[in-house]
Structure formats: C-alpha cells, structure tokens
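In full-length UniProt numbering, the protein residues as written are 1 to 355.
Just so you know, the hints here were simulated from the structure itself, not pulled from any lab data.
Please note: incorrect hints may appear among the correct ones.
As the list claims (entries may be wrong) - With a cut-off of at most 25 Å between alpha-carbon atoms, the simulated DMTMM-like pairs for lysine to aspartate or glutamate come out as follows:
#1 K172 with D100
#2 K172 with E97
#3 K172 with D66
#4 K172 with D244
#5 K172 with E234
#6 K172 with D242
#7 K172 with D209
#8 K172 with D241
#9 K172 with D70
#10 K172 with D141
#11 K172 with E265
#12 K172 with E219
#13 K172 with D152
#14 K172 with D142
#15 K172 with D217
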Amino acid sequence: MIGPVRVVGAGLLGTSIGLGLSARGIDVILADASPTNLSLAIDYGAGRAATAGDAPQLIVVCVPPDVTADIVARELEAFPDAIVTDVASVKLAPLTELRDRGADVSRYIGSHPLAGRERGGPLAGRADLFIGRPWVVAAHDDISYQRATAIDDLILDLGATLVEMTPEEHDKGVALVSHVPQVVSTLMARRLTDSPASALNLAGQGLRDVTRVAASDPELWVQILGANPAPVREILLALRDDLDRFIGALADPAAPGARRQVAEEIAGGNTGVARLPGKHGQDRRYASLTVMVDDTPGQLARLFNEIGEAGVNLEDLRLEHSPGAQIGLAEISILPEAVSRLTIELAARGWRIVG
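Generate the whole structure from the sequences, applying the supplied hints.
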C-alpha cells in the first residue's frame, strides 16, 4: 500500500489493521467515537489522530454491523477521492442499504477478515492477527477491479489470504461456518445453566470445544444474526430436520433400522468434518498422539522442544485437564508417517504416551 489509510473504529480489528500497516511504515489515521479507545489505540502504536488536511487513499470502516452502512456513507461523502471498505461480518445488507440511499458505491466494496480473538478492544489488537487468515472481498458490478486494487493491497500487506466472493456467496458461507455454529454452541451451553455440578465436573474437551464460542457478546450477535437472517434460518431448518430424525431413532433404539439411522448420521458427520481444510488450506488429515504432561512449570515447553529435536513438525495442539488431577493431556497432530518414530522418541525421553 501507499497510504494514508484511515481506520474508523479502534476496536480489535481496527487496531490490528493499524498496527500491521504502521509496522510497514504506512501512515495510519485513526478515528473512533470513543475518545478512550482512540487514545489507547494511538498510545499502542496503531496510528495517529485525524487532522484537517488528511487525504486518505483507503478508508477501512471497523464498526458494528448495525451502523456500518451509516459510517460508510459518511466516509464516502467526507472523502470523495478515497476508496472505502468495511470489515463487517455480513456483506449484502450494507451494500443494499448504501444503494437504497444513493451512496457512491463505485468507491465502495465490502470485505471481511475471518480473524479474531476471544477478547475485544484496542488492547487486544495484534499486528499479526490476519497472517494466513482468509479475507473475503465481496465484489459487485458498480466498482471496477482497478479501483478496488487498494483493498487487495491492504489484505496482502497484512499477510491475509485474499478470497473473492459475491456478497450473497459470502453471507451464505459465513452462515454455515460461523453464524449457525454460534447458535448451536449457545443453545448447547444453555443446557448447562441448571445442570448439577456433579454432571459439569465430568466435562471434557468435547463439551468445551462445542461451547467455546458461547461466551460471545450477545449484543454483537443480535446485530450479526439480524443482518443475515435468511441464510441462517435456512440452515437451522435443515438442522432441525436432522435433529428430528435423530430423536426419532432414539425413541426406540431397538426398533428395526434405528441403529442404522444413528450410524448413518454419525458417519455423515465424519464425512463433513473430513472436508474441513487442514493446515495451510489443504484437505489433509493428520494423525493424533496424546501425551501425558505433568502440571508443573516448563513441562509443555519441554515437550515442544523435544518434538522439534526429534525432527517432527507439530501441526496442531489440543490440551485437556482432568478435574483434581495434576496432569494434562496434550493431543498433538502430526503427519501420519511420523507417529511411530515420534512415539519411540518421546517414550525414550520419559514421556507417557496414552494408548
């Protein structure tokens, strides 16, 4: 990018964009309705405050979905020579609203980085937040490819992977991989509200995986789901049909065909999860090896170091702790051909391999 880049909204995404661009020497102009957020982001090194003579090349709007179209329209009017994008998690609704109000969408194209953290706000910002993450550009016919080049430059400079989709394709896609999983996670977590402590003490990593995103901000998700209702509802209706079949099979497990129905549903889930992209976006499955790790300082670091000394690349990691036990289980994902060698290497170094 050449810059300057104006970032409106100094939360997690806006601050992270500012940090990443500032690290490349690009002039970043920050704006936020909250003076505190703005001051924190500036102190953090994400950019500078706006001045009267600013002439940004690109404006990135990083505000909640329910005000995205308003802010984009304001920025288009205030800076008639700038290209404007936004990072909201829905793309069709803002574009439709901007068209309806007669905004100059020949200088606007929506985008969406699929990156985030469990915390928000400027202090959670990271310059490397977008590295290797998909960043969708939701193209439309009213803007030329040449004009949209600045947005491509932004994405590539921040280390993200550019993905081109239409607004409709994007909203259907995120409904499947983000919005419906949020609903399912939330509803499962609600089942825990009045559950006895004796049952919750049995919880393992599976339940934590299913409910991890249930701790998300309700206000934000009301906005997201309200802006993308049709695709989410379509998937939830299909999911309801799946649940009805499963419930029917469990009504009488001994009935002819009931066990087959359950098996086919589980096998269908196996097929679906096998399609999820693996490391670096490849549909490649890894083997798992579970190692017992003492709950003492330095043990996990030692495990990582000795995996490296064995010449094996750690592809992924999942940790699980048992209540009341002074050990943890580190489930490591590695290439299948390395399992036997690493098992021997770790056992020789005193590690206990589960199974």
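Find the hints from earlier in the document that the structure breaks and name them by number, from lowest to highest.
none
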